[in-house]
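Student: The residues making up each chain are set out below.
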Amino acid sequence: MKGARIKFAVFIAAIALGIWSLVPTYQLYFVLPGQEKSLDARLARAATADDSARVQVEIADFQRRKVDVHKRSLHLGLDLVGGMQLTLEVDKSKLSVEDAKDAGDRALEVIRNRVDQFGVFEPVIQKVGRDRILIQLPGVDRERAKNLIGQTAQLKFQLVQEERTTYDALKTLDDKLKGGPGADTGAKTQAAATPRPKPDTSQLTTMLDTTRKDTSLAAPGQAEAGTLLGYVRTIGGDFGVDDKEYPEFKALLERARPSWPEGYEFLFGPSEAHEGSPVRRLYMLKTEPEMLGSAIKDARPAPYQGSEPGLANTWIVSLKLGRKDAAVFAQVTGRNIGRRLAIVLDNVVKSAPTIQTRIPDGNAMITTNEVNPDESRDLAIVLRSGALPAPVNIVEERSVGASLGTDSIRRGILACLIGAVVVVIFMIVYYSVAGVLADLALLFNMFFLLAVMAGLRSTMTLPGIAALALTIGMAVDANVLVFERIREELRWGKTVMAAVDSGYDRAFVTIVDANATTIITAIALYFIGSGPIRGFATTLTAGLIINVITAVFLTRFIFDWWLARFEVKKLRI
Amino acid sequence: MRLIGDTNIPFVSKRSLFFVISGVMMIASLVIILVKGFNYGVDFTGGSLVQVHFSQPVSADAMRSVLVKVGEGGAGLQVDEHGDFLIRAKAREFPGQQTFSSVLSQQLRESFPGNQFELLRDEMVGPQVSKELQGKVLLAVGLGLIGILIYVSFRFDFRFGTGAVLSLIHDTLITLGFVALFGKEVTTTVIAAVLTVIGYSVNDSIVVSDRIREDVRKMRKESFFDVCNQAINKTLSRTIITSLTVLCVTLALLIFGAASIKDFAFVMTVGSVIGTYSSVFIVANFVVEWEKKFPSRRRR
Chain P
70 MKGARIKFAV FIAAIALGIW SLVPTYQLYF VLPGQEKSLD ARLARAATAD DSARVQVEIA
130 DFQRRKVDVH KRSLHLGLDL VGGMQLTLEV DKSKLSVEDA KDAGDRALEV IRNRVDQFGV
190 FEPVIQKVGR DRILIQLPGV DRERAKNLIG QTAQLKFQLV QEERTTYDAL KTLDDKLKGG
250 PGADTGAKTQ AAATPRPKPD TSQLTTMLDT TRKDTSLAAP GQAEAGTLLG YVRTIGGDFG
310 VDDKEYPEFK ALLERARPSW PEGYEFLFGP SEAHEGSPVR RLYMLKTEPE MLGSAIKDAR
370 PAPYQGSEPG LANTWIVSLK LGRKDAAVFA QVTGRNIGRR LAIVLDNVVK SAPTIQTRIP
430 DGNAMITTNE VNPDESRDLA IVLRSGALPA PVNIVEERSV GASLGTDSIR RGILACLIGA
490 VVVVIFMIVY YSVAGVLADL ALLFNMFFLL AVMAGLRSTM TLPGIAALAL TIGMAVDANV
550 LVFERIREEL RWGKTVMAAV DSGYDRAFVT IVDANATTII TAIALYFIGS GPIRGFATTL
610 TAGLIINVIT AVFLTRFIFD WWLARFEVKK LRI
Chain G
301 MRLIGDTNIP FVSKRSLFFV ISGVMMIASL VIILVKGFNY GVDFTGGSLV QVHFSQPVSA
361 DAMRSVLVKV GEGGAGLQVD EHGDFLIRAK AREFPGQQTF SSVLSQQLRE SFPGNQFELL
421 RDEMVGPQVS KELQGKVLLA VGLGLIGILI YVSFRFDFRF GTGAVLSLIH DTLITLGFVA
481 LFGKEVTTTV IAAVLTVIGY SVNDSIVVSD RIREDVRKMR KESFFDVCNQ AINKTLSRTI
541 ITSLTVLCVT LALLIFGAAS IKDFAFVMTV GSVIGTYSSV FIVANFVVEW EKKFPSRRRR
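Residue numbers (the numbering used here), protein chains in the order written: chain P, 70 to 642; chain G, 301 to 600.
There may be inaccurate statements among the hints.
Derived DSS-like pairs: lysine-lysine, alpha-carbon spacing no greater than 25 Å straight-line [to be verified]:
| id | chain 1 | residue 1 | chain 2 | residue 2 |
| --- | --- | --- | --- | --- |
| 1 | P | 563 | G | 436 |
| 2 | G | 534 | P | 563 |
| 3 | G | 518 | P | 196 |
| 4 | P | 563 | G | 336 |
| 5 | P | 639 | P | 563 |
| 6 | P | 639 | G | 592 |
| 7 | G | 431 | G | 336 |
| 8 | P | 319 | P | 247 |
| 9 | P | 106 | P | 161 |
| 10 | G | 369 | P | 319 |
| 11 | G | 431 | P | 161 |
| 12 | G | 592 | G | 518 |
| 13 | G | 369 | P | 313 |
| 14 | P | 140 | P | 240 |
| 15 | G | 436 | P | 196 |
The hints are simulated quantities; they were obtained by calculation from the structure and are not laboratory data.
No experiment lies behind these values; they were computed from the predicted model shown.
Construct the entire structure; sequences and hints are all you get.
Tutor: Have a look at this one:
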């Protein structure tokens with residue numbers, strides 16, 4: 070029985086190894102959530118600042134432990150915990166060959182920075198192919214995260230042209246649009262499609278009159294339907310257009326682009342509410358920026374503390390420039406007192422405050438007009454981590470709500486359990502004692518499968534649970550093959566020992582053959598490559614390999630031991 | 301306990317009947333696939349799939365008008381048993397970082413103020429990615445088939461290999477026929493199920509073929525037909541029991557599993573039934589037929 074001792078030792082060692090591999094997973098899903106809750110409760114109860122600080126230290130320590138445990142655990146896929154998976158593609162179409170070379174890597178670095186600062190637990194950010202980036206974020210506010218990741222975040226400080234100049238420029242463009250061949254037809258169809266009330270130019274005139282008394286205006290009535298000025302109205306002290314008409318207006322403005330005054334460009338503000346309807350402000354800016362976002366050394370969210378009543382209680386991002394750039398900024402502001410400096414993020418004018426004084430210390434701010442701090446917080450993150458080298462497009466998204474994920478786990482486990490219970494009962498009824506053995510093998514099968522998956526740090530997905538269920542169904546197959554063979558051998562009149570021996574020997578080849586083909590298809594599936602299917606492929610492959618091992622070696626070992634120990638003469642199988 | 305005792309069912313002599321049944325099923329499947337076609341999911345067509353859950357019920361008409369407002373009047377709209385909406389929209393470009401789901405969310409907030417909603421599922425597959433996914437799936441299916449062919453041709457002689465491959469085609473075609481007939485959405489998960497059915501079908505064929513091979517060596521006096529018939533009968537109990545245990549779990553998944561795994565379970569259930577049928581009634585019979593037409597020299 071020396072061989073048996075060694076086999077037994079190997080078996081015990083394998084179980085110990087399995088337990089060791091599964092301990093972190095058990096901790097992560099069953100122990101740590103309780104601890105986290107009690108820590109949070111203590112933090113909420115903390116009466117003094119001292120208490121609260123002490124608990125906070127403990128929480129920080131707990132978080133470190135959680136990260137460590139998580140690293141050694143069986144992970145749950147996004148389809149089970151809920152979360153967002155994005156594939157981004159870097160749009161290199163506007164980059165020079167030189168810049169395009171490492172654009173993917175630079176974008177990856179910037180996005181990783183942003184996500185890290187956003188504070189997501191265990192995100193996955195990796196490059197796929199040459200210029201795609203795969204991002205997996207468990208349990209986040211998806212729209213907010215999408216906005217944070219996808220922003221190019223190119224920040225520019227550009228000088229704003231006066232209203233008078235803007236008005237004249239628009240008027241010139243209208244003349245050119247009207248006079249230019251081809252340009253005309255589009256404008257006319259537009260006018261025909263959307264009959265417009267006579268534009269309210271008097272309002273325009275009034276505004277210009279009150280703000281710039283010394284300027285004489287072109288005669289009203291010049292602004293006709295289908296012209297740029299026909300869309301324009303006044304918003305506060307700026308020009309703007311109705312949000313509904315923005316696409317038409319923008320298209321018209323784009324058509325006139327070749328005639329734009331040299332060195333200047335037209336940009337819009339974000340959509341905002343004005344007298345109950347959404348509008349966008351229009352700005353004419355000097356194209357050459359006074360300063361770029363790369364000059365920003367630090368950006369932090371902060372509550373607005375200035376004197377403007379409209380901004381009370383809102384959040385801003387306070388910017389701090391590097392020392393050299395602060396000097397440049399001081400110069401720029403000193404030279405342009407009384408003019409407006411627009412802060413432009415990704416070609417959208419965030420704000421355009423008037424420069425009151427020279428700003429020597431390199432401090433600036435971006436207003437968000439939001440009472441909620443989220444936007445200012447995200448914007449600060451984006452500005453701190455810098456701009457993407459090029460815009461990114463979302464080419465694939467797979468997101469699952471947390472509640473659906475929880476429901477999937479619950480129902481998946483239920484289905485597995487019900488399947489397993491039916492199989493277990495069936496095996497005992499059908500093969501009596503040998504059936505118990507097969508069930509034991511099934512149990513060890515599941516245990517080793519989870520242990521191996523935890524050891525490989527693989528991810529359990531919804532199709533992975535299906536593979537788990539399939540493994541249960543097929544786990545007994547090998548044993549069924551063996552048992553049927555033993556029954557046959559017994560019918561031929563062999564002794565119990567001999568029947569068991571030849572049953573196992575004969576079935577072995579078939580077991581290997583049969584599982585090999587399924588493993589081949591599972592490996593092929595791995596090449597489809599999407600996360601959930603990979604989970605299926607790895608779970609099934611591991612399950613089948615463990616199947617063969619437990620059926621051929623483990624149950625046989627127990628079978629032999631049982632026959633020898635109890636000197637079984639007659640086998641009920 | 302024994303479900304199946306020592307049977308001696310004349311599988312082999314009734315083989316023409318089974319060939320006819322299989323032939324009819326295969327032709328029917330092919331016709332259904334060609335006429336009705338597959339209901340491809342966003343994985344392969346590209347586009348968006350969004351599942352919305354509302355805290356207070358919303359009528360399908362109200363939902364439809366929201367879709368019209370976001371310019372997706374033609375989108376597929378489906379209500380599931382929980383009253384959740386499944387919306388399928390074609391691939392479309394949106395300005396900036398917006399996607400179909402973000403535009404939809406914004407409109408839902410405006411149209412149903414105070415009614416909390418959650419996007420349970422939000423899938424968007426760009427046209428480029430769906431094209432790549434098609435390629436990858438073809439690659440996976442191709443690799444799987446080639447792998448099985450190589451393995452089978454190593455382990456068996458040409459006749460059994462051909463028999464196994466034929467039953468594989470038989471099982472896959474009929475399973476796909478059912479997928480098309482019931483309009484199940486073809487996703488990567490369903491393809492995974494089809495490939496698993498393929499592996500499983502070959503698995504069954506191998507068990508029967510292994511037995512025939514073994515018995516041919518042992519039972520020299522009996523005719524090849526008898527050997528085959530006995531081999532099928534001897535493995536019958538294993539074939540049925542294994543099918544039953546597999547069916548137990550696939551049915552459990554089909555009944556209790558999450559919605560997105562049900563199509564997978566459907567394919568597995570249909571596939572394993574067909575696979576069991578073909579390994580009992582087709583594989584050995586095909587080899588017998590071959591043997592009758594072209595007797596191998598050794599055995600004469």
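Student: Within 25 Å, alpha carbon to alpha carbon, are residue 592 of chain G and residue 518 of chain G?
Tutor: Distance of about 21 Å is within 25 Å: holds.
Student: Keeping to a limit of 25 Å between CA atoms, is the pair of residue 106 of chain P and residue 161 of chain P held or broken?
Tutor: 46 Å, violated
Student: Is residue 639 of chain P within 25 Å of residue 592 of chain G, Cα to Cα?
Tutor: 44 Å, violated
Student: Please verify whether residue 518 of chain G and residue 196 of chain P have alpha carbons no more than 25 Å apart.
Tutor: 58 Å, violated
Student: Taken at face value, is the distance from the CA of residue 247 of chain P to the CA of residue 319 of chain P at most 25 Å?
Tutor: 17 Å, holds
Student: Against the 25 Å threshold, does the CA-CA distance of residue 436 of chain G and residue 196 of chain P hold or violate the hint?
Tutor: 18 Å, holds
Student: Taken at face value, is the distance from the CA of residue 563 of chain P to the CA of residue 534 of chain G at most 25 Å?
Tutor: 17 Å, holds
Student: Given the hint that residue 369 of chain G pairs with residue 319 of chain P, does the C-alpha gap stay at or below 25 Å?
Tutor: 21 Å, holds
Student: Can the restraint linking residue 563 of chain P and residue 336 of chain G be considered satisfied, given a maximum Cα separation of 25 Å?
Tutor: 57 Å, violated
Student: Would the hint linking residue 639 of chain P and residue 563 of chain P be met if the CA-CA limit is 25 Å?
Tutor: Between residue 639 of chain P and residue 563 of chain P the Cα gap is close to 11 Å, so the pair holds against 25 Å.
Student: Sort out whether residue 240 of chain P lies within 25 Å of residue 140 of chain P, counting only the CA atoms.
Tutor: 64 Å, violated
Student: Can you confirm whether the C-alpha distance between residue 369 of chain G and residue 313 of chain P stays at or below 25 Å?
Tutor: 13 Å, holds
Checked against the numbered hints given earlier, this structure breaks hints 1, 3, 4, 6, 9, 14; the rest are met.
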